[in-house]
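Chains A and B are the protein sequences, given in the same order.
Taking the numbering used here, the leading residue of the first sequence gets 2, the next gets one more, and so forth.
Taking the numbering used here, the leading residue of the second sequence gets 22, the next gets one more, and so forth.
A portion of the hints provided could be inaccurate.
Derived PhoX-like pairs: lysine-lysine, alpha-carbon spacing no greater than 20 Å straight-line [to be verified]:
1) A:Lys108 with A:Lys81
2) A:Lys16 with B:Lys347
3) B:Lys327 with A:Lys202
4) B:Lys351 with B:Lys361
5) A:Lys16 with B:Lys351
6) B:Lys291 with B:Lys347
7) B:Lys153 with A:Lys16
8) A:Lys155 with A:Lys50
Since the hints were derived computationally from the structure, they do not count as laboratory data.
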Amino acid sequence: MNIVVLIKPTPDVTKVRFDVERGVVDRSSAELEINQFDLYAVEVALLIKEVLGGSVTAVSMAPPQGERALRDAVARGVDKAILLTDGRFAGADTLATSYTLAAAVRKLGGYDLILCGEKSVDGDTAHVGPEVAEHLNVPHAAFVTRVVEVSSNKVVVESDYGDAYYLLELQLPALISLSRPVVFRDRVVEPRTPRLGDVLKARRARVEVWDAYYLADVADLEGFGLAGSATRVVRVFNVFEKDRNSITVSGEEGVDRILEVLRSRRLV
Amino acid sequence: MVCRMAFPNNLVAELAGVVGDEWVVTDERALRRYLQDETVPSVHPQASKEVVVVKPGSAEEVAEVLKVANKRRVPVYPRGGGTGLVGGAVPTRPGIVLSLERLDRINVDVENMVAEVEAGVTLARLLEEAEKHGLMFPPHPGDEGAFVGGLVACNAGGSRAVRTGVLRNYVLGLEVVLPTSSILRIGGKTLKNNMGLNLAHLFVGCEGVLGVVTKAWLRLYPRWRHTATLIIPFNGRTATFRTAKKILFTGMVPLAMEYFDRRVIEASAKHLGVSWPIAEGQHFLMVILAEALEDMLYVQLDYIDKVAREEEGLEPFVAQRSDEQKQLLKIRSEIFPALKSSSYDILDTTVPIGSVEEFIESITRIESKHGIWLPVFGHVGDGNLHVHVLNYPSYTVEELGRIVDEVYEAAVALGGTITGEHGVGYIRRKYVRGMLGDVWVETMRALKKSLDPNGILNPDKVLP
Chain A
2 MNIVVLIKPT PDVTKVRFDV ERGVVDRSSA ELEINQFDLY AVEVALLIKE
52 VLGGSVTAVS MAPPQGERAL RDAVARGVDK AILLTDGRFA GADTLATSYT
102 LAAAVRKLGG YDLILCGEKS VDGDTAHVGP EVAEHLNVPH AAFVTRVVEV
152 SSNKVVVESD YGDAYYLLEL QLPALISLSR PVVFRDRVVE PRTPRLGDVL
202 KARRARVEVW DAYYLADVAD LEGFGLAGSA TRVVRVFNVF EKDRNSITVS
252 GEEGVDRILE VLRSRRLV
Chain B
22 MVCRMAFPNN LVAELAGVVG DEWVVTDERA LRRYLQDETV PSVHPQASKE
72 VVVVKPGSAE EVAEVLKVAN KRRVPVYPRG GGTGLVGGAV PTRPGIVLSL
122 ERLDRINVDV ENMVAEVEAG VTLARLLEEA EKHGLMFPPH PGDEGAFVGG
172 LVACNAGGSR AVRTGVLRNY VLGLEVVLPT SSILRIGGKT LKNNMGLNLA
222 HLFVGCEGVL GVVTKAWLRL YPRWRHTATL IIPFNGRTAT FRTAKKILFT
272 GMVPLAMEYF DRRVIEASAK HLGVSWPIAE GQHFLMVILA EALEDMLYVQ
322 LDYIDKVARE EEGLEPFVAQ RSDEQKQLLK IRSEIFPALK SSSYDILDTT
372 VPIGSVEEFI ESITRIESKH GIWLPVFGHV GDGNLHVHVL NYPSYTVEEL
422 GRIVDEVYEA AVALGGTITG EHGVGYIRRK YVRGMLGDVW VETMRALKKS
472 LDPNGILNPD KVLP
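Please model the complete structure; the sequences and the hints are all you need to start from.
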């Protein structure tokens, strides 16, 4: 079973600072680490490998400092790590990001199962996983809360689509994006604590770096980064609370009063 | 010298005249939370219910309250977050509970790396405000609901003391209202200040018997950018302490170095509804490293890996992500609450760092003698070990008290002390004369008499 895990290196949300005035993240304030949701994808990949054998390859598209997150993945047991980094990848929206990641997976070849977290803690779109699958034209399931069974040719999962849980069977190769918490068979998945020896080895491990040209035989360079993005971030702004006005109401009259206030403010 | 007057009925009106009606609490239900602290119930002092809670909004109002109390000879019990473990904030007689909760202003001077903090600011808020400016307050004395005033008055310690020392080390200046109502301001934002004897340190650790701390100037540092939490499992306890000693003797100063065994840590994890993630070993060393540069961190990780192998440690684990480090620390920190409900008393005995293993052996002997379990865990890096004496069903209160004494005697026999961080408060006064001697007691009494001639401030605390 050849498994690919897509990892987004994201800033440590407990440390990162925001420049509220400029509406940007102060990237120097925190190191990049494995996106919390992807951490569970790594763990599930390793659990599947324990059952079926094979290899786990981690792929990230990030600036060079994203390598730190990939080394963490290696320390946890990932066999191979690939960092897609190039100025051409910068400014990518979810479409261009998924196009680039799909190109890398295509370049790798021979994959059976692609895993990723359902979303990232900084982007929060939940688009990238399913979009990668669409680019690769393979079946996919998002918001997976349980991996029921996996074998060499299929994976059975439960997905929480809000209105109901869906039990889905996907023929491999396929992609699944995992929620948190997630169950693997009957076991609640908790990411393992890395062993010190593995962390020290991972610091010296080889992380392959692929640039845009390396993917030129499997993708159109114009599909990368800002050029390949269908959306643009025009402006980021914060919503500030100006004041808070509390009104106490009670009984039947209270309902009328609430409606009156909401209407007067054009909220209903 | 301690005043013993009954609670005067018209006091409330006079106090309301100082702080305003809304800041005087007399309702019985509202008073309840001011009558206790975090001391375990079996040794918690009996609180007087004849109290009035006053919430001054400035040092000047604190001074006025003390003036009223002096005039009427009414005891005053300064109160912070109520997180103490020795009954230090409990009003043991009719009197005034002086709650400092309204003194909650904080100003972080980034340029000078100093926080000017009023007494009612919680540790959590101090940490948060420092963090907002890319700075940090290095010590971490446990419960983040503690007030800065209490932390200073109790010279708080905590797990980081091995690296940061105790709270005293961070006090650059203090504003203290003396019992006679004068306001003393000492020090400020300079790192050095040799102008006269630094009286600020008279009030750090005085447990509220000499003055009321209303503001502190605390030293901040740039935050450590790279941290790691290591768990080194061992099958035997001897190897655990040998490894701890070896790490400390390299000159490496971890941010924390904690010892606990599987039984204790699993009880804590169970209390939290999680599992302890390390399957191997019976004894554990938790080492927290914090450095400015990643390379410095890795040099230490490399070395600890080597030492652990040499000293029969099992393969160490290391967490570097904040969420994973926090989870490990949370399980470690929850040991105290997990055991609290079944504890008769929680001790914070401290021995010289070279005697930690010998102390644990003494505890094991006490366990065997009585056929009981004495959970032991704590700050092995600075010799401060917490021993929980549990409410063993067949034991009387007197017998449990004797077990406490045996643990204390074991610590003292090794050149240690019965308290490394919790302090004396109410519940340990009976040990003061024996531990500190007549000269200390008389000197302290003279000091108390000089600053608090009417004995109004926090009576029944510290002094025997």
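Check your understanding: Given the proposed pairing of Lys108 of chain A with Lys81 of chain A, does the C-alpha separation stay at or below 20 Å?
Key -> 14 Å, holds
Exercise for review: Quickly compare the C-alpha distance for Lys351 of chain B and Lys361 of chain B to 20 Å and report which way the hint goes.
Suggested key: With a Cα-Cα distance of about 16 Å, the restraint between Lys351 of chain B and Lys361 of chain B holds, given a limit of 20 Å.
Point to revise | Given hint Lys16 of chain A paired with Lys153 of chain B - CA-CA distance at most 20 Å | key: 9 Å, holds
Point to revise | Given hint Lys50 of chain A paired with Lys155 of chain A - CA-CA distance at most 20 Å | key: Status holds; Cα separation ~14 Å.
Review point. Under the criterion that the straight-line Cα-Cα distance not exceed 20 Å, is the pair Lys16 of chain A, Lys347 of chain B satisfied?
Key: Since the Cα atoms of Lys16 of chain A and Lys347 of chain B sit roughly 13 Å apart, the hinted pair holds (cutoff 20 Å).
**Study point:** Agreement of Lys16 of chain A and Lys351 of chain B with the hint, judged by alpha carbon distance not exceeding 20 Å
**Key:** 18 Å, holds
Check your understanding: Holds or violated: are the alpha carbons of Lys327 of chain B and Lys202 of chain A at most 20 Å from each other?
Key -> 14 Å, holds
Check your understanding: Under the criterion that the straight-line Cα-Cα distance not exceed 20 Å, is the pair Lys291 of chain B, Lys347 of chain B satisfied?
Key -> 17 Å, holds
Going down the numbered hints, you'll see the structure goes against none, and every one checks out.
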